[in-house]
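Number of protein chains: 2
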Amino acid sequence: MSIARPMPSTTNETRPSLLASLLAPIEQELAAVSQRLQTELRHPDPFIDELAQHSFRLGGKRLRPALLLLTAQAVGEVNDSHRVLAAVVEMIHTATLVHDDVLDEADIRRHESTVNARWNNQTSVLLGDYLFTHAFYLASTLETTFGCRAIGRATNIVCEGELKQTAASGNFALGRETYFEIIEAKTAALCACCCQLGAHYSGASGRVTESLKSYGNHLGIAFQIADDLLDLEGEEHVTGKSLGTDLGNRKMTLPLIHLRDQLNQDQQQQLCQLIEQPTADNFAKLLDWLNESGSLQHARTVAEDHIDRAVAQLTDLPTTPALKAMQQIAQFVTRRNH
Amino acid sequence: MSIARPMPSTTNETRPSLLASLLAPIEQELAAVSQRLQTELRHPDPFIDELAQHSFRLGGKRLRPALLLLTAQAVGEVNDSHRVLAAVVEMIHTATLVHDDVLDEADIRRHESTVNARWNNQTSVLLGDYLFTHAFYLASTLETTFGCRAIGRATNIVCEGELKQTAASGNFALGRETYFEIIEAKTAALCACCCQLGAHYSGASGRVTESLKSYGNHLGIAFQIADDLLDLEGEEHVTGKSLGTDLGNRKMTLPLIHLRDQLNQDQQQQLCQLIEQPTADNFAKLLDWLNESGSLQHARTVAEDHIDRAVAQLTDLPTTPALKAMQQIAQFVTRRNH
Chain A
1 MSIARPMPST TNETRPSLLA SLLAPIEQEL AAVSQRLQTE LRHPDPFIDE LAQHSFRLGG
61 KRLRPALLLL TAQAVGEVND SHRVLAAVVE MIHTATLVHD DVLDEADIRR HESTVNARWN
121 NQTSVLLGDY LFTHAFYLAS TLETTFGCRA IGRATNIVCE GELKQTAASG NFALGRETYF
181 EIIEAKTAAL CACCCQLGAH YSGASGRVTE SLKSYGNHLG IAFQIADDLL DLEGEEHVTG
241 KSLGTDLGNR KMTLPLIHLR DQLNQDQQQQ LCQLIEQPTA DNFAKLLDWL NESGSLQHAR
301 TVAEDHIDRA VAQLTDLPTT PALKAMQQIA QFVTRRNH
Chain B
1 MSIARPMPST TNETRPSLLA SLLAPIEQEL AAVSQRLQTE LRHPDPFIDE LAQHSFRLGG
61 KRLRPALLLL TAQAVGEVND SHRVLAAVVE MIHTATLVHD DVLDEADIRR HESTVNARWN
121 NQTSVLLGDY LFTHAFYLAS TLETTFGCRA IGRATNIVCE GELKQTAASG NFALGRETYF
181 EIIEAKTAAL CACCCQLGAH YSGASGRVTE SLKSYGNHLG IAFQIADDLL DLEGEEHVTG
241 KSLGTDLGNR KMTLPLIHLR DQLNQDQQQQ LCQLIEQPTA DNFAKLLDWL NESGSLQHAR
301 TVAEDHIDRA VAQLTDLPTT PALKAMQQIA QFVTRRNH
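Heads up: the protein sequence lines correspond to chains A and B, in order. So for the first sequence, my numbering puts the first residue at 1; every next one is plus one. So for the second sequence, my numbering puts the first residue at 1; every next one is plus one.
Isolated chain A, as found in the complex:
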């Protein structure tokens, strides 16, 4: 369920080129991965082919393959294992998006109809499974089990995070610590895995690999907080997806938790009512309240703190265009508007 939002009075400019410009060091590699992904997802059955090609278009930022390839380049050289694994992580991310859209009952994603909106929930469930299993198969074509193991573990943690989030739905009293556990699992684990794989398959030491995994982890946490903020503050035509879905799904995010923790019992009751009846009017009231209480700013500050911690993991790497891009991407994730 998404919220009826007032139309914006001015059209904000989208900035698809900002991230793209940061990815210049791996532009060609990323294009090759996109090509590989699209080829991998071709299928002789016309229905499966159409679905898989549609799911390919639901991706977009390609943040995860970018992290994997940049880490590879920051440590050494991109090789064919990296290219396979970059396709794998994007396929897995797409699988989780397709299943998320069933869970959120979302209609739009990246300006495209979601699979459940265009076909139905059943097709979404199966398409997600198809993408998951295809990704696991692809990972297993590498020489060792390292990639399969890292990806298997990370995706399992992603699912744990999503299950915990489901259990927390409608829990107005959700603890701050549990919120962080959830986002670290559902979002940061896969980002961390991407950086771990990039480093490992470039021959990085265990210590450097762990640092880069930690970079991915903090970046992922910041990314998710920024995403939760966009769900409140973003504009649907810029983000390219349904907004207010968190409220619609009665999901407590950091700004709401921060506001709640400042309030007395009566005020908490009021807040709870606004959250439970997310009409356009209540949504506007809620945004004002979150703004005045400094809760939106608080979430931004926490996200930026994680960005600082991410960047601090990069100090031992040689100065290269890839390193610079990793530093800039960290800044980008909290400042993006889509």
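Don't read these hints as lab results, they were simulated from the structure. All values derive from a computational prediction rather than experimental measurement. Each hint should be verified, as a subset may be incorrect.
Given that identical chains are not distinguished, each listed pair holds provided it fits within a single copy or across any two copies.
Derived lysine to any residue pairs resembling SDA-like cross-links, with alpha carbons at most 25 Å apart [said to hold, decoys possible]:
1) LYS164 to ASP100
2) LYS164 to GLN53
3) LYS164 to HIS43
4) LYS164 to SER113
5) LYS164 to THR39
6) LYS285 to GLU233
7) LYS164 to ASN121
8) LYS164 to ASP49
9) LYS164 to PHE56
10) LYS285 to HIS43
11) LYS324 to ASP305
12) LYS164 to GLU40
13) LYS285 to SER214
14) LYS285 to ALA32
15) LYS164 to ARG118
Based on the hints, put chain B in the right spot on chain A.
What follows is chain B alone, placed relative to chain A:
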């Protein structure tokens, strides 16, 4: 959607011990795998733990791990790789069951409430994903990528089969060949994979491994035809799951395809109406028609033919209790009533 069926006038005896007696040669191994599966699925989060333990109870016959272990024993000795992989294939099978129950909107499975009935569809989707990813992680703990690769490929084929089945829903004109393609993918591929893994990890030659994979494939095809027959002819309290779900989902199965292909256009129209309005009355009429036309018998004959082809793959194996069990299980799948 399931069909309102008349209650049976007499209570048929269930036969849970028939398969169990066939599995005597691997009884202890199978118990160890069950134990391992249950331990693997323990989780510190109480919600995830409850869900995972519930899903464990949705399994039942443990046919897939049994095939893997028996094949292992028929060729050589059961080792720890087999035990891990037996837990993996059961976990994957359970994941597909959990997702199937979302697709079929089924309420009961193995006399237990399905996850979607007891919790909701969202939880089912995530639990299925959790089981899939856990299984893939577990497979990746083995030394080589062989297991990951075989399982990744087989589960991907299972998903293809399920997607093709979704595309075929409501297609009264579904071709016989497409029906076989679907069941070979959605059911037989994983059975074939179990036998392949059992043989490979016992050190079988490529030729023997291929023969045993083919045994699993034919057995799986027969199993699915028998399952489709049970959905028409079975009794809910014996099979332990909702019946008539195929009709409810407008799914053409072999008996219906056989009947349709004998009919003139007017009769086909009548058949189509019965299928599209599966009331208890229409269901009874349909069953009579399927019976009189020999269509139920035809499906049974085809299933038995696949059983013969399965058993023919076993001729080169030494005479052992495991071989005997594999021959008897082949007979069991077409004669079971649950």
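These are the hints, each one checked on the structure:
When the C-alpha separation of LYS164 and ASP100 is checked against a cutoff of 25 Å, the pair qualifies both within a copy, at 14 Å, and between copies, at 22 Å. Taking the shortest alpha-carbon separations for LYS164 and GLN53, only the inter-copy value of 16 Å comes in at or below 25 Å, while the best intra-copy value is 31 Å. Proximity of LYS164 to HIS43 under the C-alpha cut-off of 25 Å is restricted to the inter-copy arrangement: shortest distance 12 Å between copies versus 35 Å within a copy. When the C-alpha separation of LYS164 and SER113 is checked against a cutoff of 25 Å, the pair qualifies only between copies, where the shortest distance is 21 Å, while the shortest distance within a copy is 27 Å.
When the C-alpha separation of LYS164 and THR39 is checked against a cutoff of 25 Å, the pair qualifies only between copies, where the shortest distance is 20 Å, while the shortest distance within a copy is 35 Å. For a Cα distance limit of 25 Å, the shortest separation of LYS285 from GLU233 inside one copy, 13 Å, qualifies, whereas the shortest one across copies, 59 Å, does not. When the C-alpha separation of LYS164 and ASN121 is checked against a cutoff of 25 Å, the pair qualifies both within a copy, at 21 Å, and between copies, at 15 Å. Proximity of LYS164 and ASP49 under a CA criterion of 25 Å is satisfied inter-copy only: 11 Å between copies versus 33 Å inside one chain copy.
In this assembly of identical chains, the alpha carbons of LYS164 and PHE56 lie at most 25 Å apart only when taken from different copies (19 Å versus 28 Å within one copy). Taking the closest pair of Cα atoms, LYS285 and HIS43 never come within 25 Å of each other, the shortest separation being 49 Å inside a single copy and 40 Å across copies. In this assembly of identical chains, LYS324 and ASP305 lie within 25 Å of each other by CA distance solely inside one copy; the values are 19 Å within and 65 Å between copies. Taking the shortest alpha-carbon separations for LYS164 and GLU40, only the inter-copy value of 18 Å comes in at or below 25 Å, while the best intra-copy value is 32 Å.
With identical chains, the CA atoms of LYS285 and SER214 are never at most 25 Å apart, being 38 Å at best within one copy and 65 Å at best between copies. In this homomeric assembly, LYS285 and ALA32 never come within 25 Å of each other (Cα to Cα): the closest approach is 47 Å inside a single copy and 58 Å across copies. Proximity of LYS164 to ARG118 under the C-alpha cut-off of 25 Å is restricted to the inter-copy arrangement: shortest distance 17 Å between copies versus 28 Å within a copy.
Checked against the numbered hints given earlier, the structure breaks hints 10, 13 and 14 and satisfies all the rest.
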